[in-house]
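Undergrad: For the sequence shown, the working numbering begins at 1 and goes up steadily by one.
No lab work stands behind these hints: they were computed from the structure. If a hint is listed, it holds; no wrong ones were tucked in.
Derived Cβ-Cβ restraints for the label pairs, each shown as a range: (1) PHE279 x ARG367: 45 to 53 Å; (2) ASN271 x VAL212: 33 to 41 Å; (3) VAL454 x LYS216: 45 to 53 Å; (4) ASN51 x LEU73: 24 to 32 Å.
With a straight-line cut-off of 25 Å between C-alpha atoms, the simulated BS3-like cross-links for lysine-lysine are: (5) LYS216 x LYS368; (6) LYS174 x LYS368; (7) LYS130 x LYS368; (8) LYS369 x LYS129; (9) LYS369 x LYS431; (10) LYS422 x LYS433; (11) LYS422 x LYS130; (12) LYS174 x LYS130.
Think of the CB as a built atom: it goes at the ideal place given N, C-alpha and C, for glycine as much as any other residue.
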Amino acid sequence: MLPGQYAQFGCRHIKKVKKMISKLLKNINLKGNFLSILFLTAVAIRFYFINHMLDIMPWSDMLCYDEYALEILTGQGYNSAWPPIYIYLLSGLYYFFGHNYWIVQVVQIFISSFNCLIAYFIGEEIFNKKTGIWACVISVLYLDYMFFAGVIMSETLFIFFLSSSVYLLVKGSKSRYAEYYYAAAAFGLTLSALTKSMLFGIMPGIVIWITVNHWKEGIRKVSRKVIIFCSVFIITMLPWKIMIYYVRGIDAAVVSYSGIGFYTAHNPKANGGYVSMYFEGSPIKRSMSWAEQNRVCWREGIKFIFHHPFHEMYLIILRFTKQWTFQTHFSYYTACYVNKIVQVFLPILTNAVLYPFCFLGMVFSFRKKETLLLSVIIGSFTGLFLFVFSGSTRHHLASIPFIIVLAAYGITIFPELFSKWKINALSCLEKKKIQIVVFIAIILYANLTYQLIVRFKPVMEWLRG
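Please model the entire structure based on the sequences and the hints provided.
TA: Have a look at this one:
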């Protein structure tokens, strides 16, 4: 190809990108009065919640994020095994505004509010405007979103990158410029992975979804889309890995913190949730480097699975009860929240309504390829924390944006289904789908009952404390 032909080729692709961006900006138009009101409402509610109902200093992982950010500011470099983006964001905010938690909360309030708008765009793109509005309203009022906007944790930023990427994937699946949307989505997913490494757990599912979604176009076009998507993801990730390699060596560049998370789920003291890996008799010692701990954790965790297969099956059930409970991340018994009863039980009641509607929306839209993406993400995250890592309501938050969108669709179709049920006009297929939803709801409510029985006493003691 001659230089002039390269120039023409580049100009043609630049024009396509410009056209794609202009169309995207028309869709993402914040001038609509209703969306503007919802966005401002989300901001106002989060400011009120954080100022009046969330008065806690950093501790646990929050304190670690804070310390790692301060180490960068004091010239000690990046000394964490955790993904870097959120830590560097904190460091940048501290650099310009001082060691100020309030400015972090302000930034996260706006990010969290934008997440509500992204829920609208995903719901509208996959289903319709009504679903988008419901998804946005639920996101505005969802209490866990408010909580994580007010603490030094990476969840809010992670949801922003992940939700934006999913919107681009859905948008691209319907566009003749699919490769460009998928490339942009891959870039966003890289940012997600560099915010929380659990993102890697859903990448195989997304690649399979792209393949299935475009299979009828032929193997050549499908391969092109998958290669572009994977290449952008890898190339965007590469600079960070190279930098870490030269600064801290091969262990830091290749090995992540994942082994430590793996061992907390697969050890003699495991209970389905988080347990410290430094228990008595543990082969993991604090004196080891984190890379060495990581390697030992993987080895010992795999050994435990093979030596205790029946106990591992029991742990899978326990991890399910932790992962798919209506309970939320407020149940830290050591934290002192204002108005504890509201903050603990309101999210439980919210999820008790939200989850069944989610499965209603999922079952009644399963043939839609775009909906399948949401189901793949929810299923991938669930599988990740059932079989690999310990179950956690905090980690379950990564699935919540997509649970909300599916629940919003379930809410929009419920009146019609209820009307049909009253006059006995449901088809056989609709009846079977409703039976599936009822069965899932029974399992979820049985888990809630189990959680109440097991944890009633410590929760009551915490509330009285």
